[in-house]
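Here the protein sequences come in this chain order: A and B. Residue numbering for the first sequence follows my numbering, starting at 16 and increasing by one per position. Residue numbering for the second sequence follows my numbering, starting at 3 and increasing by one per position.
FYI, nobody ran anything at the bench for these hints, they're computed from the structure. Remember, predicted model here, so these are calculated numbers, not experimental data. For glycine and all other residues, C-beta sits at the position ideal for the given N, C-alpha and C. Just so you know, nobody snuck in bad clues.
So the derived list for chain A, only partly shown, Cβ under 7 Å to chain B, looks like this:
id, residue
1, 71
2, 101
3, 104
4, 105
5, 110
6, 112
7, 117
8, 118
9, 120
10, 122
11, 132
12, 167
Take a look, some chain B residues computed to stay more than 10 Å from chain A by CB distance:
id, residue
13, 3
14, 15
15, 16
16, 93
17, 96
18, 112
19, 182
20, 257
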Amino acid sequence: MSDLLEVDNLRISARNDDDELTPIVKGVSFTVGRGEVVALIGESGSGKTTIALSSLGYTKPGLEFTGGEVRLEGEDVISMDSDQLRGLRGHRVAYLAQSAAATFNPALTIGEQVTETCVLHGILTQEEADARAETLYRALELPDPDKLGKRYPHQVSGGQLQRLMAATALCGKPDLLVLDEPTTALDVTTQIEVLKAFKSVIKQEGAAAIYVTHDLSVVAQIADHIVVLYAGEIQEYDTAEQVVEKPSHDYTRRLMHAVRPPPAAGQGDETTGEHRREAPALEVKDLLAGYGRIQSGLPAIPVLRDVNVAIERGHSVGIIGESGCGKSTLARVMAGLLPAAEGQVLLDGEELKPALEQRKREELQKIQFVFQMADTALNPRQRIDNILGRPLEFYLGLKGNEKRRRIGELLDMVELPQEFAGRYPEELSGGQKQRINLARALAASPEVLLCDEVISALDSIVGANVIELLKRLRKQTGVSFVFISHDLSTVASFADEIVVLYAGRVVEKGVTDKVLSPPYHPYTRLLISSVPELRVGWLEETMQTQEAQAGIDRVVTLKDKGCPFFDRCPVAIEDTCDQETPPVRTLAGNHAIECHRSEAEFAH
Amino acid sequence: MLWRAILGRFGISLVTLWVVSILIFIGTNLLPGDVAQIILGQTATPESTAALRAKLGLDKHPIEQYWVWLQNVMMGDLGISKAGLGAGLGTPIVEMLGPRVDNTLRLTLIVGAVAIPISLFLGLIAAMHPGTRLDRSITFATLNLISVPDFLVATALVLIFAVSLGWLPSIVYLRGDETGWVLLKTLAMPILTLVILVSSQIIRMTRATVLNVMSSPYIEMAILKGVPRRRIILRHALFNAVGPIVNVIALNLAWLVGGVVVVEQIFSYPGLAKLMIEAVQMRDMPLVQACAMIFCATYIVLIFIADIASILSNPRLRHPK
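Only chain B is shown next, with the shape it has when bound in the complex (with noise of 0.2 Å):
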């Protein structure tokens, strides 16, 4: 039964990555501008237009293209970049995607780091004390912070810590070397824009759903057995909130991947997200491909593992009758 779960998830995640790449490659094509001409440019013949569209394969039918496509996809090829073609130097989309995923899985990994053990911390306190100021002044901070925009915490973050104390850095400059202390303070303003943002969301769900379950009458006989306070919350009701604060963090691991545009672009990062901005300023569709089809498959991967903690969490599941 648990296997059979598990693997259900695991079909459902490959059919919706699959309905994914068509919507993807459906998208790209319905973008305006022949990418032909934009690579070409001033010197856009008729003739060197249609030769070139012939050299990418544009001439043939969208759906042979995508079966191409799909095909190099799933070898591991994900196409040469249109950008610089003209020049006849095609960069491959792997070593362009290298660096940048670096870059991208450095900053999640050091945000999801601080923010999922502070937020599960902050989320914990506050439902143990339901109503006490600490209570409602963290519920009060995180709703204010999930309502403001991420451009307008960006630029106040930069406003304090960058022009009136001159700490940090306002642009983050990498040359690829550093380590340890130095990197840490020069990706401290994207870093620290992040957790604000992410730590809000997963502190308000960890709080909802343990006050849900300290609620419920299995809490009710805890506190009526004796346990200590701090076992019935680490113990008792923790392990019933798994399902939902692992979704959570989930989606914004996922979001940290793909969705921090504007972040990137305050700091200008080179990260992913940013990477993709430019390849559609480009017209550079198969980079737009790659980066989508990274992003998809980035938040299918996530919430996967989510679900199969929930399904793990949950003892009816893991111990049929």
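So that you can see chain A by itself, here it is in the shape it has in the complex (with noise of 0.2 Å):
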């Protein structure tokens, strides 16, 4: 019998304004079984999504096909009409997004969006879809079945959008799935729940599917198959066992090198004791922070609470959670955007003011942030040395030949050639727009450089070279370092320091080695055992553990009264960490967790 899917020597192109076409896709093959799951994997503009959607038919705009066959049980799809195509679609292919968040219409209610392609294909009538989307969600664990057709996509969060999404692709019984990074936006603690539904859901349904990725942890688990793209061609196409266990393609073999090791003790960043002083360079204390109107001096929606972080002089300091912990706030408020309704930021030992505009210009420049998005941080219509330019300017007052020269330095600090000063933003790459937006914040001459989930946009190969850059910066500048991220390994190869967020409280903070060795807090446990490792059958064994079983997918949600993590926590003490405030307790080198079980009990 032969494959459900075969792509024949597929070649596709971009066409510009000039009518010129470029290749983007030049001449892949490979075939999907029926049942089996085929991985593609490669940076970004390696052309996997371009190939992926080659089976729905579908090219974005501004591209088209120009060679080959995608057969699927052997009828070309490249060549069908519109209305062959729209029959295809939904129904024998079915399609998920990588970010559920901004595909699914905010407008229309799940149910029907979930139930909408079966019902227009004439496969099931609307109450024998309703019937099967319920059976759906509850194969995939969401939260009140019978209710969740009614509601709308912004009732619900993230992680269980995405497995809304599998619901809406499966609803129609499709032949094959086509998955586009469908867990990439998502915090560890969320993939690897939408990771196992996934994997179960195609088991059970006897689906076939083409998995798109960056990650090749997360390939490991789920692959039957992979196939290595670069620049549009095949590197390597083998069984999932052989890539991962014996690469044999060079660029393989440096996807895997940029897999970044899961977090364990004996990675952090070392520092020396050459740049301190006394003070900290940057400390908060008992911050109290959130958003809307402050009434009584508590905000209206309050995100941050008895918060006490100190960054040592020319340290780095990791601040790891789950999106909605408050990472980002705790970064605004240092920085001024958003002044706290309670406590200090002191920059050197002394205090500063809350709010932005009433610090002084010396203070200002003290403190940098380097945004997420390098696209959006850096304004399209400046050319590079004008973005750099600027705050030598303003902070140092430099012009001219001076202000030239610095700006070659500082292109060379984040390894980026001299001419470059001269181009655009849209002329560089993601990687590299990431490191102007980095040099722009070291032009100030900062003291403490807030850097905002600055690689989670990037390819892991690209991400980890950004790293490297920051180690080195960080040797040679002596500027201290918060760097936040959702990404446990990141920080882990990065920070001095760690410090666990969760519901907007520090729940265990302390040197790396410490934080990532027992005793643990039961949330930072979690997470560590959250992060995928590069080798088949992880997700399995994972899935077994006391962790996994306490329902890992919970929304964050902020309490008044005890501790936070209570719902999702194995060891939690009923009637005394949902009512009282945990006590922080002190161990051994400095190292703090806030929770009501002792030492000895940590030590599991």
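Build the complex from these two chains, which are given one at a time in their own frames, with help from the hints.
Right, here's the structure in full:
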């Protein structure tokens, strides 16, 4: 029996304004058998999404098919007309996009969107489709399956939306699923839950799947075969075990190398004492901050409570937690973008005014912010030399030759060639833009650099290079770093100290080695155990653990009393943890854990 | 949350209306010319002028005058028109406004009923086939019509339909008892002119908003789900484009009530806008104030309705978490 999908010498090109064709996909061939999961892996620009979409007979605007065939059960989908394609899409081949938050229509109910396809294709009646959707909600372990269909996308969490997207795709019982980076935007704890749901549902429904991702560890959990792509060409194509355990191609090995090892003690970057002074470079004390109008000292939506963090001179402090825990809010309070309701921000031991406008220029200069999205942080109408020159003029008063020389030095520092000074941001790649973003912050000669998820939007290889650059810059300049990320592996490879935030509270903090080795706070333990490992079979083992059983995909909720982690904690004590604010236990080596359990009990 | 948003908008509308009433009062007081003198004309003596001023309450402090006026307006008494007062025959403004309001509303409703469906249809057609010849001709035509001043459109139409073809009357002469086809034919010229002017804006806004929504990821998803094009536009895209479209419709309807001076003048159509111009010429301040209040109230009410419509079309406000 033939394979379900045969991609045969596929070629896709981009047509520019001058009607010239640039090849994007250069003769790619692979097959997907029935019930099989094939992963397409590569960096952005490798053509992986473009290839995956071709199985729906679709190209993004501006692209076109220029050769080859994509045969679904022997029938070429590229040559189908639009009526045939409409019958194919959603019915025989279903697509799951990267960001469910953007691909669900905000104005329609979840139920309508999940059942739309199979009702339109006449596979099921509306009642049958509703029933099937409910079955799928249960299979995907979604809450309130009987009422979920009547809700709107903004009323459920990101992880739930991602699973609802799977329900949408599966509702029409397709033969082939196309999953485009379905877990990339999720927190590790959510990712593991979604992966588990996908894997079991694919098996149950007997569907085949194309799984597009840049994350080898995720692929190792779910794929039967792996296709490694670079610049529109196949580098390696083999079984998952073969590729993960004995990669034969050089590029695959580079990809493997860029996968950061799972977080463990001993990875932290030890800082020598040479830059030390008495007062920490930056410190926050008893911080209470949030959004909305402040009434009787409490903001309408409180986000951070009782936060105490000190960043020693020349040190780097990693701040970790799931989305919604208040990481970015903390950085915004430090920078003065969001004035705190209570508490202090101290720079070199001196108290800063809460709001940006009230701070002095020297104070502003000493704290610089590096934003997550270089794309939006850099003004597209400004040349790189203007972007870098502005802080030089504003803070340091540099002009003319001096300014130009300094711009050159900054470009050197971030390992970019001098001629980039004359370019515009859009002429740069994602990684290069992030380097300019860093150089812009460094131009002010700051003492503290606030880095908010600076490599989250980058591919693994590019991201790994940026981390190397950050490490070098830290040694070279003595600048203190506040490094915010939801990715524990990234933080572990860079930070001297780690602060774990949960629902706006510091649940654990200390030197990297201490935080990443027992005793753990139960939440830290959950975070560490959720980071996928680059080996086949990790997912199954992990799902057996106590943490996973405790139901890890829950929305982070802020609470007025008790420990916010209570709902998800496998070792919670009834009537204590949900009633009383947990005490801070200080262990050896300035390691602090906020928990009702004693040190002896952490050690399990 | 929903009710709070609606109540909030309502409160803002009331405050705006109040501020506007103050501005109108100040504005009309700034207009040159003494009403008493204008009314008395040739027969004005210092004594008779002073007596009339006292009778009209014009000798009181402006703030007091404002309060008296505001109280009367709140009770539905728009005052007495000063035209003809000299002869002792003041007409209550409410009576003067009556037929004019009817005329204006009639025209507005007909134009709205014709223009809104046509423009939504053309705007959607253009958005469904961007870059095609159809889309480009719609875009080109609407852009041109927006750039051309209203008197030019009106004059051109008169030249074509009244002068060259002789199909339609170039002036609206309403006896008041016309119905059906006769009425439509009588009003055809102003209707045609206003439909053209109003539609261009709504078409452009509909096209732009729907196109913007069409480039969003959830529309691409709908295509990849195999949803037919018509359903994508009508169910997936239009819902998310309601806010801006309703707003541009509201602005245009408000313009039809108070802003069509030129068109009313050209066709000598006895509407509200023309009445206000006449009142200004006569220095008939109470009438000017009354007209201005009606225009502003119309704007505010229509924008309020548009705001409510966009709030209702937003599921985040309709169904909070």
